[in-house]
Amino acid sequence: MTQDKINRDDSKFIYQQICDIILNKIKNREYKKGKLIPSERELSNELEVSRYTIRKAIEELVHQGYLYRVQGTGTFVYDIHGERDDKENKSKQIGVIMPYTDGVNIEILNGIENALDGSDYTFILKDHFNDYKKEAEIIQFMKRQMVDGLIINPAEDQKDSTAIYDLKSEGFPFALVDRKLQFCHTSCVMADNINGSYKATEYLIQLGHENIMFLKGHYSNTSTIEDRITGYKRALREYGIETNNVFTYDEQQSRDKINEQIYNHIEKNNITGVIAVNDIIVIDLIKMTRKYQIEIPEELSVVSFDYTDKIKHLEIKLTTVNQHSDIIGQKSVNLLLEYIEENNQEKEIQQIYQSCDLEIRDSCKSLD
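Number 269 in the UniProt record's numbering belongs to position 269 of the sequence shown; there are no gaps in the numbering.
Watch out, some of these pointers could steer you wrong.
[Claimed, not checked] The list that follows gives simulated cross-link-like pairs (lysine-lysine, DSBU-like), each with its CA atoms no further than 35 Å apart:
1. Lys233 - Lys317
2. Lys268 - Lys287
3. Lys56 - Lys92
[Said to hold, decoys possible] Using C-beta positions, here's what the derived DEER-type ranges look like:
4. Glu210 - Arg255: 27 to 33 Å
5. Asn28 - Asn7: 17 to 23 Å
6. Gly171 - Tyr292: 50 to 56 Å
7. Gln351 - Gln16: 33 to 39 Å
8. Phe247 - Gly34: 43 to 49 Å
9. Ser355 - Glu30: 51 to 57 Å
10. Gln253 - His185: 33 to 39 Å
11. Thr101 - Arg234: 46 to 52 Å
12. Asn114 - Lys317: 38 to 44 Å
Quick caveat, the hints were computed from the structure, so don't treat them as lab data. Please read these numbers as outputs of a predicted model, since none were measured by experiment. Backbone N, C-alpha and C define an ideal beta-carbon position, used for all residues, glycine too.
Produce the complete structure using the sequences and hints provided.
Below is the structure:
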């Protein structure tokens, strides 16, 4: 189709005609590779069709691999379609997208590297800095690098992102690691955070604690954290403790404000035990106890998640939930390579939960 008009007498659906028009403009280089195409509104006005029909055509071309979307920016022309379909032409590279300054992710990366050691595959690593727009750009960069598949630890705020949903629609091989997405059912490997948090809460209860606080930051809202809250509440409920204290503070405030907020909540609610959602949050808690001269575990029992390098140097050896991040990394590679090697885009979705262990050290005390 070479015309830029919709033929309403044509037997072809209107959205398919729009696909042909866009593809023709890509072929004629009116829409250049890697460049933005007109917005849905502009195409709707130009072709005199509804935005819904334009959107359907764009989604079809995203699925086919001709276009990709960046939330908040628009739709771009993508150049990879049809270049590699058989096993012989695979690049033997996978892309890994995650923050790699985080202790947990460093352990995941170690697991990924160990799993690939001795195989034919290497990996390219990029950091999205917990920015979903950056994540979308990196996904397209990785595909332009002809990677065979992706392992992604998703950016925290995904409510406006379509990038991972688009991968699923295209049938591009990928696996999520460490956290899942609520709106998009995909394959992932993550810790059994519900059970891990349950074990931590149960341990404090068995030491005689009832006023147990779950401490988290305001800017941390992921499936991982939601699951940890679920495990905490489940343990309280099953042991007949009606009051739960999930306390959220703004971790971007000044140090004095953070200390004051956490301290006031502990004092007001007679908290004797705290479960910190991760190593960053537990460090804020430890700094507060230093300021207000609260002794651990004599006055406050503390459990955190993962014994990372950030907390190993602390003067108190913390009791932690170990999610075995290196094993999670290894299993994510195994899962992804299954998809790639079997060349099966319709393979059943797998969600693998790695069991967690409670590693008891010196930061908790019995009240009995």
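Verification of the hints:
no., hint, result
1, Lys233 - Lys317, "holds, 26 Å"
2, Lys268 - Lys287, "holds, 19 Å"
3, Lys56 - Lys92, "holds, 33 Å"
4, Glu210 - Arg255: 27 to 33 Å, "holds, 30 Å"
5, Asn28 - Asn7: 17 to 23 Å, "holds, 19 Å"
6, Gly171 - Tyr292: 50 to 56 Å, "holds, 55 Å"
7, Gln351 - Gln16: 33 to 39 Å, "holds, 35 Å"
8, Phe247 - Gly34: 43 to 49 Å, "holds, 46 Å"
9, Ser355 - Glu30: 51 to 57 Å, "holds, 55 Å"
10, Gln253 - His185: 33 to 39 Å, "holds, 36 Å"
11, Thr101 - Arg234: 46 to 52 Å, "violated, 32 Å"
12, Asn114 - Lys317: 38 to 44 Å, "violated, 27 Å"
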